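Here the protein sequences come in this chain order: A and B.
Just so you know, we're using the working numbering here: the first sequence kicks off at 1 and counts up by one.
Just so you know, we're using the working numbering here: the second sequence kicks off at 1001 and counts up by one.
The hints are simulated quantities; they were obtained by calculation from the structure and are not laboratory data.
Owing to the predicted nature of the structure, the values given are computational and were not obtained by experimental measurement.
We put the CB at the ideal spot given by N, CA and C, even for glycine.
Mixed in with the good hints there might be a few duds.
To be verified - Here are a few chain A residues that face chain B, going by a calculated C-beta distance under 10 Å:
no., residue
1, 11
2, 50
3, 206
4, 208
5, 381
Claimed, not checked - FRET-style restraints, in silico, Cβ to Cβ:
no., chain 1, residue 1, chain 2, residue 2, range
6, B, 1202, A, 230, 23 to 29 Å
7, B, 1352, A, 6, 16 to 22 Å
8, A, 150, B, 1303, 22 to 28 Å
9, A, 365, B, 1273, 47 to 53 Å
10, B, 1343, A, 225, 55 to 61 Å
11, A, 30, B, 1191, 21 to 27 Å
12, A, 113, B, 1304, 45 to 51 Å
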Amino acid sequence: MKELFRGGVHPQDHKDLSRSSPLRAFDWTGEMVFPLAQHIGKPAKVIVSKGDRVLAGQCIGEADGFVSANVICSCSGTVKAIEKRRTIAGTIQECVVVDGDGLFELLPGVGEECDVYALSGEEILKKIADAGVIGLGGAGFPTRVKLSPKDPSAIRYLIANGAECEPYLCCNDQLMRSCPEEIVKGMELMLRLFPNAKGVVAIEDNKPEAIAAMKVAAASHEGIVVMPMKTKYPQGGERSLIKAVAGIDYPASMLPADVGCIVCNVGTIYASYRAVAFNEPLFRHVLTVSGEDVVSPCNLIVRDGTPFSALLEEAGGLKEGAEPKKALAGGPMMGVAVASLDVPVVKTTNALTILSVDPDEGKDGKYDPCISCGRCGSVCPNGLMPMMMMEAAENGDWERYEKKLYGLECFFCGSCSYICPAKRPLTQTFKLMKAEILAKKRAEAAGGKK
Amino acid sequence: MSNTFRLSSGPHFRDRHDTASIMKLVCISLMPATIAGVYFNGIRALIILTLCIGSAVLSEYLFDLACHKPSTIKDSSAVVTGLLLGLSLSNEVPLYQPVLGAIFAIVVAKCSFGGLGKNFINPALAGRCFLLISFGASMTRFDVDGVSSATPLALLKGGKAVNITKMFLGSSNSLIGGSILALIIGGLFLWSLDIIHTPISTSVIVSFSLMMLLFGGQGFDLRFLAAHLCGGGLMMGALFMATDYTTSPSGRTAQVIYGCIIGCLGALFRIAGSGDSFSYAIIIGNLFTPLLDMYVVPKPYAYRKSAVAARNGDKTGLSVPKPVITLTLITVLAGVALGGVYSLTKDAIDEQKRLASLASYKNVLPAAESFENVEKADLAIEDLDGEVYGKGFGRVYINEAYVGKDASGNIAGYVVNVTSMDGYDGNITLTVGLEPDGTVISIAFTHLNETPGMGMRAGEPEFRDQFNGRKVDSFVLNKGSSSGGDNSIDTVSGASTTSGAVVGAVNAALDFFRNYMKGGN
C-alpha cells in the first residue's frame, strides 16, 4: 500500500453508479466532428477535402511539427465540411465534419496483426505517432514525444497510470479488468525503449478487481509490477504518482523524464499496443457516462467525433423530472463544463458527467471571506499556499504570486477549491493567473525581440 | 438540449464543510470546558456565558444593520467569540462587564476591521484585555466558597503550594473555562478533525515550559511547571486562542515561530509580571502574524532541500531541517548548563536568602542577635498549607515567624513575615517586629510594588512609622480626616486599597502572634 504524496482530499467517488457496467462498443451513425487540435501542440493540417470518401482509421489531419499529432477518422463516410465548430473547451475551432454512412468500413490494413518482436524502437515510435496516439489522461501530450526523452537509458520507471482518482470515472477500471493482457504487452513494448526501466502499474485500492486482473497479467512478465495505491485524490496526477512510486518531487519546470520517469495512462498504453501490434490508429477509446440523473450510467468504447448528446441517449437519457445543472467533459474535479451537448468526443474525453448539483449556483461570484484556516495548504499536493496565492492574486501582486509563492507550480487539481470552507474559487483564480502571467511573459519576450 | 447547462471553471465538487460548520465544531469542542465551568462555578457562570454570546451575536447583527451590510451572524463566528470571551472571564465579574467585553470584541476588534477573516487580533482576547485594563480589580477577583482568595497563580508567585489536581480538573481556577481536562478533551476533538493548528499549540506549550524551567527560578521542578501549565489562561490560550485561524500564520515554520513568541512572552510575563498576562502574550503574537505570513512562506515540496537532494540521488535519509536540530541542541545545552549551575549554587543561594531575610528581621527587631523557630508557630504555618490566614484580614498569608534572642539568650521579641494579596497591584509582603508583650517595634516591607506616588507611599516613614511602639489588639484604618482612636492608622491619601492591605497584614501578624507565639520558647 503506497501513500507517499502529501496532501490530497477524499471526495465522494460516486463510482458505484458505473463501476459494474462492463465496456460495450458504441457505434453511432450520424454527423461526426473531428477538431484538428485534440492534443497539446500545433493543430494538425487537414489532408482531405470536402466531398472525399473517408474510412475508419484513415488519417484526415496530419501532425504539423514535432509536438503535434495525427487526427484519425473514426467512421466511414463523406467529408461534409471543413469548418469552425464549437468544441469542449468552449472555443470555436477548425473541424473536419464527416457524414457517417453507418458501415464503419475500416481502412485496409487496420487490424492486421504484426510481429512486434521484429520491430525496432524507432519503428515502434513511428507506428505510435502514425496512429495519432496522445496521452488519454487528459492533457493530450503526443505519446511519441513522451516516449522520446533525451536519454532513454536514464529512465528508471515506466508508470502505467490506472489510478483513476476522479469521482464518477470507471472506464479505466473496466479497461484494466477486461484487457489486462494488452496493457501489460503495451508496457512491454514501451519498456523495450528504456533498457533500465521498471514497469509499474499504479492502481488505487478502490479497484480490487482491476488490481487482481492486472496482477495475473503481469505475473509472467518480469520487470512489471502492480502497485496498489491508497485511494486519495489526486493520486492519478503525474506528480503525485512519481512521488509515490519513485519518491521524487520535481518542479513544473522539469518533465517526468528529467527525473527518470515516464507516466502513461493505461488507456494510452492500450492504444499504443493496438497501434503497434494491430496497426490500429487511435479512433476509439473508453469513456464513462455517469451522473445521478442518468438512467443507466455505463462505460462505453466510443468513436471520436460522436456528439455528447448521443452518449447521453446511449446511457438511457436523463431520469424523468431530472434537472441537471452541469454537463462535464471529464470528472467533477478536473473536468470541463460544457454549455450544450452538441460538442464532439475527442481523444482525451474520458467521461461525460452530468451533475445535478452545482456548488456555485446562486453565488453570483460572491463568496465568504477567507478565515485562514489553512486547509487549502494542507491538501495541496505541491505544498503550495493557496490562501496566500489567492490574496496575492486579489492584490494584483504578481511578483509575490510567482516568485515567493511559486504560483505557477499549480497544476489545477482542484483540491484547494474542494476543501475551502468559504468555497472560494481558488483553483479557478489560479488558472486565470497562470494564463495572464504567461501571456505577459510572452508579450515581454516579443517586445524584447523587437 | 442546447444551452441547458451552467458553465463555470472547475472543480465542480465541494467539501460539505463550510465556515459555519467549522465554527460549530469549535463551539462543540468548547462544550466540555463550558459544562465544567458551569458545574464548578454554578448558575452565575452560565449567565455570564449567555450574556457574552448574546451580546456578541446581537452587536454583530446590529453592526451589519447599521452598515447596510448583509448579516454575517449565520457563520456562527460571533458565537465562538462570545463563548471564548465568557470562558476567559472570572465568575465574579459584575454582569455588565461580559456585555461590554463582547461589544468591544465584536464591534471594535472584529467588525470595524472588516469582519470575519480581517481582524488583526483575536476578538475574544481583545475583549478580555479591554476588561482587564478597564476593571483590573474585579477581573482578577477570585472567590472560593464565598471567601475572597488569591488565584492559584498569585499563590504560586508568592511561593505557595497549590493543589494541582484541583487546578487540572478546574475546581480552583480563576476562569470559568479553567478546567484543563475539559479544554484538553476539546483540543483533542479538534485535532482529530484536523481543525486545530497543532504546531501552534505544541510550540506555545513547549516554549513556555522551557522558559519556565530555565528562568522560573525553581529549577527543574515539574510540580511547579505543571501548576503553571494548569494555571490561568494558558491552556485555553494555547489550544483555542493562539490557534485562531485569522490571527495566526499559515505556514508550518511561521506557526512554530509564532507559537514560540507567545510561549516565551507568556512565560516572561508570568515570571516578571503580575497576575495572568497570557492574553497579552497572545495579542502580541497576533501582531507578528502579518509579518510572518509575508516573509516566512513554505517552499513547495519540489523546491525543498530534501527534494532537491532526492532528485540528485543523495539519499541522506535525514530530512529534519537543520534549524530544528540546532535549536533543539542549543535548548538542551542551555537547559543542562542552567540546571547544573542552579543545583551547584542552590545551597549558597538559599543561605544568602536566609541571611538577607535575617538581616531584614534584624531591622525590625534590632535587639535580637539570633532568630530561632517557634515549634507551635511552624506547625500552625504548616497546617495552613498555603491557605488564607484567619478571617477579616483579607487575603493574607503567613510566611515565616521567628523568635529573636539577644546575646545572652533572652527573648528579645518576635518577627512575623506576612503577605497580603489585596494590594492594588499584586501582593505586598512585610515583616512585623514585636516586643515580647506584643508592642509593635516597627514594620518593614520586603515586597511592595504599588502605584508610584500613591500606593508606594505606604513604604515611606510617614505611614509606616505609625505602627511603631503601639500595643493594640488590632489596628483600624482611619479613612476620615478626623483623628481616630488609639488604634487608628491614617490612610495614605489616594491609596486606601494599599493602606487597607497593609493594616490587614499587620493585624494578621498580631493575631498570629497572640495565638501561636506569645510566651513561646
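For which of the previously enumerated hints does the structure constitute a violation, in increasing order of number? 2, 3, 4, 7 and 11
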